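Novice: What follows is the residue order along each chain.
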Amino acid sequence: MTELFRMTAAQIAEAVRNGEVSAAEVTDAHLARIEQVEPQVRAFLHVAADEAREAAKAVDRHRAAGEELGPLAGVPLALKDVFTTKDMPTTCGSAILDGWLPPYDATITRRLREAGVVILGKTNMDEFAMGSSTENSAFGPSHNPWDLGRVPGGSSGGSSAAVAAFEAPLGIGTDTGGSIRQPGAVCGVVGVKPTYGGNSRYGVVAFASSLDTPGPLARTVLDAALLHEVMSGHDPCDATSIDAPVPPVVAAARQADVSGMIIGVVPELAGEGIQPGVLARFSESVELLESLGAKVTEVSCPHFSYALPAYYLINPSECSSNLARFDAMRYGLRVGDDGTRSAEEVMALTRAQGFGAEVKRRIMLGTYALSSGYYDAYYGKAQQVRTLINRDFEAAFERVDVLVSPTTPTTAFPLGERVDDPMAMYLADLCTIPSDLSGNAALSVPNGLAPEDGLPTGLQIMAPVLADDRMYRVGAAVEAALDARRGYPLLNDAKGLA
Amino acid sequence: MPGSATLVGYDEAVSRYDPLIGLETHVELGTRTKLFCGCPATFGGAPNTHVCPVCLGLPGSLPVPSRAAIEYTIRIGLALNCSIAQWCRFARKNYFYPDMPKNFQISQYDEPLCTDGWLDVTLGDETGPDGNPRRFRVGIERVHLEEDTGKSQHMGGATGRIHGADYSLVDYNRAGIPLVEIVTKPIEGTGPLAPVVAHAYVTELRDLLRSLGVSDVRMEEGSLRCDVNTSLSPRGSGRWGTRTETKNVNSLRSVEQAVHYEIERQAAVLDAGERVIQETRHFHEDSGITTSGRSKEEAQDYRYFPEPDLVPLAPAADWVERIRAALPELPSARRARLQEAWGITAAEMTIINNAGAVDLVEQTIAAGASPADARKWWLNELARRANDTGAELASLPITPADVAAVAALVGSGALNDRLARQVIDGVLAGEGTPDEVVAARGLAVVSDDAALNAAVDEAIAANPDIAGKIRGGKVAAAGALIAAVMKATRGQADASRVRELILARLTDS
Chain A
1 MTELFRMTAA QIAEAVRNGE VSAAEVTDAH LARIEQVEPQ VRAFLHVAAD
51 EAREAAKAVD RHRAAGEELG PLAGVPLALK DVFTTKDMPT TCGSAILDGW
101 LPPYDATITR RLREAGVVIL GKTNMDEFAM GSSTENSAFG PSHNPWDLGR
151 VPGGSSGGSS AAVAAFEAPL GIGTDTGGSI RQPGAVCGVV GVKPTYGGNS
201 RYGVVAFASS LDTPGPLART VLDAALLHEV MSGHDPCDAT SIDAPVPPVV
251 AAARQADVSG MIIGVVPELA GEGIQPGVLA RFSESVELLE SLGAKVTEVS
301 CPHFSYALPA YYLINPSECS SNLARFDAMR YGLRVGDDGT RSAEEVMALT
351 RAQGFGAEVK RRIMLGTYAL SSGYYDAYYG KAQQVRTLIN RDFEAAFERV
401 DVLVSPTTPT TAFPLGERVD DPMAMYLADL CTIPSDLSGN AALSVPNGLA
451 PEDGLPTGLQ IMAPVLADDR MYRVGAAVEA ALDARRGYPL LNDAKGLA
Chain B
1 MPGSATLVGY DEAVSRYDPL IGLETHVELG TRTKLFCGCP ATFGGAPNTH
51 VCPVCLGLPG SLPVPSRAAI EYTIRIGLAL NCSIAQWCRF ARKNYFYPDM
101 PKNFQISQYD EPLCTDGWLD VTLGDETGPD GNPRRFRVGI ERVHLEEDTG
151 KSQHMGGATG RIHGADYSLV DYNRAGIPLV EIVTKPIEGT GPLAPVVAHA
201 YVTELRDLLR SLGVSDVRME EGSLRCDVNT SLSPRGSGRW GTRTETKNVN
251 SLRSVEQAVH YEIERQAAVL DAGERVIQET RHFHEDSGIT TSGRSKEEAQ
301 DYRYFPEPDL VPLAPAADWV ERIRAALPEL PSARRARLQE AWGITAAEMT
351 IINNAGAVDL VEQTIAAGAS PADARKWWLN ELARRANDTG AELASLPITP
401 ADVAAVAALV GSGALNDRLA RQVIDGVLAG EGTPDEVVAA RGLAVVSDDA
451 ALNAAVDEAI AANPDIAGKI RGGKVAAAGA LIAAVMKATR GQADASRVRE
501 LILARLTDS
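Taken in sequence, the protein lines are chains A and B.
Its first residue numbered 1, the first sequence is counted upward by one per residue in this note's numbering.
Its first residue numbered 1, the second sequence is counted upward by one per residue in this note's numbering.
Some clues are possibly wrong.
Claimed, not checked - Here are the simulated PhoX-like pairs of lysine-lysine, each with C-alpha atoms no more than 25 angstroms apart in a straight line:
no.	chain 1	residue 1	chain 2	residue 2
1	B	Lys469	A	Lys381
2	B	Lys487	B	Lys469
3	B	Lys469	A	Lys360
To be verified - Chain A is nowhere near these chain B residues, computed Cβ spacing over 10 angstroms in every case:
no.	residue
4	Pro53
5	Leu56
6	Lys102
7	Arg303
8	Lys474
Just so you know, the hints here were simulated from the structure itself, not pulled from any lab data.
Computed from a predicted model, the values in this text were never measured in an experiment.
Glycine is no exception: its CB is placed at the ideal position from the N, C-alpha and C atoms.
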């Protein structure tokens, strides 16, 4: 047997189910790995070793009692620190929530526990999920296991780094503008943004409500699919949750066959502004899909070029309202409460000290965009653009089964390179934003290394609403073909960790 | 406390200015749960015990709308003759305040659930040219649904207000209770009746809401709260003046007072050649005056936008029709039906209604009293007593069955009116049912001719002058002798029998 921490989630689950290894041993192996590499990677904000061991032992007890184990029972997982957890702090990477222990579990947290998934801890993120590098975390950045001097992407960069560094076979992130797919791509792992409403947002600290989508990160497409099915499904506690069966993504990942599928290339997402090596790998994979029996065609989505500006009006608008609740009155940081100041002054001092620069920037942008007299020109206009982007997708999906593009314009950039240039940072989400605005499903699968820097690139596969299974079919086919061509998993080439 | 403003006398004010009023009424719905979570929506409770992550607005929590609250709102809209939106949305109203858990309120903005209705109100003391009570049709602009806020309590300091307080406590039990806002269109053409129309509107609305079973509509507990808009324009100008919005108007009487006061105050401002400031004003229950609050000119920008945590609200047409079909008989229809059944005029019905006695009279009739008797006892005798003590008629410790029993005792001749009032005294004093009071106090009309004849003879003997007048044909003078007999029998004599006996003695009839 390989080292336990190098096993996939599917392998671990099977080994635990068959009694080849105990969940406790698996958990200990991952905790040891975390101890070993965490000083370099810094993926976690909180490691819950005791709670994880307890959860693992419970799985072992259930098995000993002859109970049927779920498809991921005993598999460790790294949870983004934006999900509420009763037994672990939830900070969202912000000083304003430092030390907050929520009194309730998010629906997804609860589903993970009920499935016997072992939550190892909470992972680092850009503050309130605003960013593409984890550098906006109040607790310092995480590091890319491919090159510790580079960012792991963001905002779910802690989870992607943990999965890429073999600290956990599974991670969960949230995708608002690309925050699962982009860190997945630059860390060389699979990142999935399911259909909006397919995964509950209850207990996910809101950033931009109409965009936030929880989803899996994993080292294989099948692992992502297994997690997708465990975490998804209708939740009566979330009014935007879709009351429909979860698409059969595990079966699709196992099928891994694209013959007969029609695949559309979006020229607006595969041209200007894309790093040459990223584009080269993308073109090769399009050819690969054709060789695997898919029909490839070009599908123009003319309004995608307006996606980024529209996103940067809608997202800050919702954010400015969602983050208003952090006011020192009920929980979290409180600054200046010395008996001489009014509640309003304490609110202002707390928010001034507790929020980072990017959060303040978005709150100000959003407050402005929603202001009386500006609403129609900004928020209203952005919603109209959103409708046009939806129509582009609808028209495209009348002609093709899935759309493909590079996931990110570039490979992982060096730490510090874009911290003072918000526009450059925002461009990291150029290709991922359209499907967040529309609510479509999208998946990023590792797509080889860019020749010029030897860093991972991602292939993005976009599917219609509630047709998430299609992108798993395509993703698994690409993954299998690339692994077969290379002869070993991509992450074996990650040399960042000594 | 700021002092009173300069005022112009009311009659003078309305002789030169036309008032324009509008009312915004907030009603807490009596649903079992709060609007967006499963916490109980009941009034009171130890502070912060009816709370959960959702109504505390904890990070990550999400609202899920209550079907019952939406149904109640539609019920109100239908009863107010509104159109029900086929598609509408909740919106966020953003502002910071410590008793608002999320620092935004989930409300409705430009897409309310119910629009464009009306409510007819009847003025009790004012009759039109046809002799019937005057009616006003009050247009309803909109009815929408929103969540209530928590409640702040400011501790220490002299005034109990936020300025000067040592610290503040917040109770979130009320946060998230469903609140319906009912906004009238501007009510024009009331002239001097503006305060009375405002009073009658809120009364009618309260009765309507109560009949719908959607709220306990207790103004004293804050489950019905009014904001009153008032403006003046020079008489006959047809223009609209600048309005003030008076908040904190929490009784029917206060609604009337607030409008009355604002008319007098604004008239003085305009007479002095100044402009009325568009502002929020606070009503003071103790003094009946309003004082300036924050100016609307520096009002907040609420940055309304569609609530992204909720999907649009699209009530199915057949659901709305089922709600319409299940509406109970509304107060105005019920009053028309009862008016006819009781054989009374519209003015008489309005008096019963304004006294809050419709239910009481109806139940008294159901218990066997005649409509005339039921009205007489409740509106004359009992209304006077309620008024004396400042109590609501319905809260007097006497039941419709008791009143019917008193009426029956009078009708059978066992009591006269004067004795009946003593019986009512006894019932109100907790001495038991009318029969028990009659027995305990030994109250009974004396109609035994032997006993009465002795008293009659005595009275005639003691008043020879009066007896002489009667003999001379002045029958009306008998009253004095009857009074003497009644006095001698301590009121227990049957007065009509006494009269007969006197006349039999002194005349040929």
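Novice: Minimum C-beta separation from Leu56/B to chain A exceeding 10 angstroms: can you confirm that?
Specialist: 7 angstroms, violated
Novice: Below or equal to 25 angstroms on CA atoms is what counts here, so check Lys469/B against Lys381/A.
Specialist: 99 angstroms, violated
Novice: Arg303/B clear of chain A by more than 10 angstroms, beta carbon to beta carbon?
Specialist: 4 angstroms, violated
Novice: Is it true that the CA of Lys469/B sits at most 25 angstroms from the CA of Lys360/A?
Specialist: 102 angstroms, violated
Novice: When you check the alpha-carbon spacing of Lys487/B and Lys469/B, does it fall within 25 angstroms?
Specialist: Holds: Lys487/B and Lys469/B sit about 21 angstroms apart, inside 25 angstroms.
Novice: Test the statement that Pro53/B is away from the interface with chain A: the closest C-beta pair must be farther apart than 10 angstroms.
Specialist: 5 angstroms, violated
Novice: Just want to verify: Lys474/B was marked as not at the interface with chain A; is every Cβ pair farther apart than 10 angstroms?
Specialist: Given a closest Cβ separation of 83 angstroms, the condition holds.
Novice: So Lys102/B supposedly isn't at the interface. Is its beta-carbon more than 10 angstroms from every beta-carbon in chain A?
Specialist: It is violated; Lys102/B is separated from chain A by about 5 angstroms at its closest Cβ, not greater than 10 angstroms.
Checked against the numbered hints above, the structure violates hints 1, 3, 4, 5, 6 and 7; every other hint is satisfied.
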